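What follows is each chain in one-letter form.
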Amino acid sequence: MSEVRTDMPAEELLDEAEPRAESRAAIASPLRLMWWKFKRHRVALWSGYFLLFAYLVMATAGFWAPSTPNERSRQLYAPPQWVKIIGPEGELRRPFVYGYEMTRDLNTLRPVYTRDESQIYPIELFVRGAEYKLLGLIPWDVHLFGVSEGYIYLAGTDSFGRDMFTRLVYGARITLSVGLVSVMLSLVLGLIIGGVSGLYGGWVDSVTQRVIEAIIAIPTIPLWLGLAAAVPRDWPAVYQYFAILVVLSLISWTSTARVARGRFLALREQDFVTAARVYGAGTGRIIRKHLVPNIMSYVIVTITLAIPTIIIGETALSFLGVGLRAPTVSWGVLLQEAQKIQVIQFYPWLWIGPALCVIVIVLAFNFVGDGARDAADPFSK
Amino acid sequence: MGSYIVRRVLQMILVVFIISMVAFFVIQLPPGDFVTSYVSSIAAGDRITQDAILALRQQFGLDEPLLMQYFRWITNVLQGNFGLSFQLQRTVGDLLAERLPLTLAITIPTTIFVYAVAIPIGIYSAVKQYSVGDYLFTFVGFIGLAIPNFLLGIVLIYLSTRYFGGNVGGLFSPEFENAPWSVARVLDMSRNMALAIIIIGTSGTAATMRVMRGMLLDELSQAYVETARAKGLSEWRLIMKYPVRVAVSPVLSTVGFTLPAMISGTEITATVLNLPTTGPLLLNAVKSQDMFLAASIILILSVLTVIGTFISDLLLVWADPRIRL
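Note that the protein sequences, when read in sequence, are chains S and V.
When the letters of the first sequence are read in order and numbered with our numbering, they come out as residues 702 to 1082.
When the letters of the second sequence are read in order and numbered with our numbering, they come out as residues 79 to 403.
Dumping the calculated DMTMM-like pairs for lysine to aspartate or glutamate here, alpha-carbon to alpha-carbon at most 20 Å:
{"no.": "1", "chain 1": "V", "residue 1": "K206", "chain 2": "V", "residue 2": "E304"}
{"no.": "2", "chain 1": "V", "residue 1": "K319", "chain 2": "V", "residue 2": "E297"}
{"no.": "3", "chain 1": "S", "residue 1": "K740", "chain 2": "S", "residue 2": "D1071"}
{"no.": "4", "chain 1": "V", "residue 1": "K365", "chain 2": "S", "residue 2": "E1038"}
{"no.": "5", "chain 1": "V", "residue 1": "K365", "chain 2": "S", "residue 2": "D935"}
{"no.": "6", "chain 1": "V", "residue 1": "K319", "chain 2": "V", "residue 2": "E304"}
Quick caveat, the hints were computed from the structure, so don't treat them as lab data.
As the structure is a computational prediction, the values presented were derived from the model and not from experiment.
Bound-form chain S, shown alone (with noise of 0.2 Å):
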């Protein structure tokens, strides 16, 4: 990956002086070719900026939280707080939040909130608060933003007072790595099982055709649940977030195998194999110089696309309970909630909240790859 670098000279050649790009991009490796027209798809583009502050929001959750993940307060089952700039009297202000007046409803004993416009809580940046630790490490108290007196629940509270905004920045943090890491782990799988598939080819070949044609038969929910059942209920939070991302990734290296052993097929018969073979290359360097930088930008566009399928399945396993489970905080653990009928109905925004964080990564992600795809197909404008 090293080398899609965005301070590249050659990449301004290519937009402002074609002639000169021409000879440069006849040394460009297929990657650099990739990412140049990558960069022509806008939304692709903007999808993947906007993936990139995800992660680095994962990666330093504490930081835009306003609280932590399991901070109870009193207001049970509060809605999202509206930041507003235009005070009780019409008067501009700096941005706030009113504070909440709760009563009961007397029929059904919940808890119904008022706005209640006598306190007001200016919202202040990088306000000293509850401390964590930044990237897991350096031990830090100052937050994005805050309120230092009343409260701040952008995204409303749950059953136990808690911040729901927090619990989604925190909740990203095991879904996103989540992806990432299971993906990593099913390409690696995939690169292995599909290369030496389409290199030795023979009854090899057959047979992992067919495991893979087996495993791509198998519907991937129901065979999910039935990997997640061998979890252990008692394993620590650890060892279940592992476990989930090994079943996870049991499955889903199919499809890389699939593009690497088809490639590989059609490459080694391509005349710098050869070339690379009479001049006495071994197996294993064709493998690393020849074959796989060739098949780089094919499993960019699979793994991308491969990303929001695992999210999905991490969410939709924890939503049904086989999962990931409290105290680990993920979206899908968030989105157990909605299995209570009265959650649905009565406290809407403690599934909104993780069931647009879902899709809208998820769009981000089908968005990315997308263009990636378009940029990796050689015949495409």
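Fit chain V to the supplied structure of chain S, relying on the hints for placement.
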């Protein structure tokens, strides 16, 4: 054609064999054998003697090597004996007979729905590329692809309870739950099933119409289209008669991916909408590590998928002579 069918059948048998090994692997996965989980599941109630445990172990051949256990299991399965659900104390075969028909009654219409909706939209989008309609469908397609179907189910439950005061979920509305069969009851059931079909079919439709659009766009830029146009064929007949027929065949051949996805979708959506398919049954089986039941459901769903794909492949070969036998 004959030799093609034979080859495909042999391939299919091999695939089914591998699937059965995967299913058996799933049975073996949980720590301890299933007699341990059986014992722990009934330990709360009555007591079980060591002798009884030993007898159970022998009955299921748990002391034998893994390979023998597999053969014992697969022979039983081939004879239609799927084993026992410990939790429900019934044979797995009975439970499957009860739940499987509804799974199929939802999956098959959904698959037809997906292609019936996606192909016309794909054709429209390709023919009117970059029109308002094309952008609209592209947008809807991307959104449809990004919303997992169980979330769509939740949204639907929310909207109907909130704004329509209706009730979603279950196969029947409450007033028909225990009513005798009548026209109104059938209508009520089809309404609930139609809802499920739309929820499950959305993402498949979104994906398929993108593929159809792409395939047809490739065809539309071919020279033969221009030739036909130059010869004065009407635009509608020209498109439907040549490029669409060429483009539709690879789209239909994606059924091998669509079918498992539809079954997956049916199972998870059924747990949200509380439909009595194999989905909720599987989820419960998995949660209580009732592994014979879980593995049998996985096995039977997968085998049905393989058969479905096989049939559709045969139809495709029959319909499109260009496919190499």
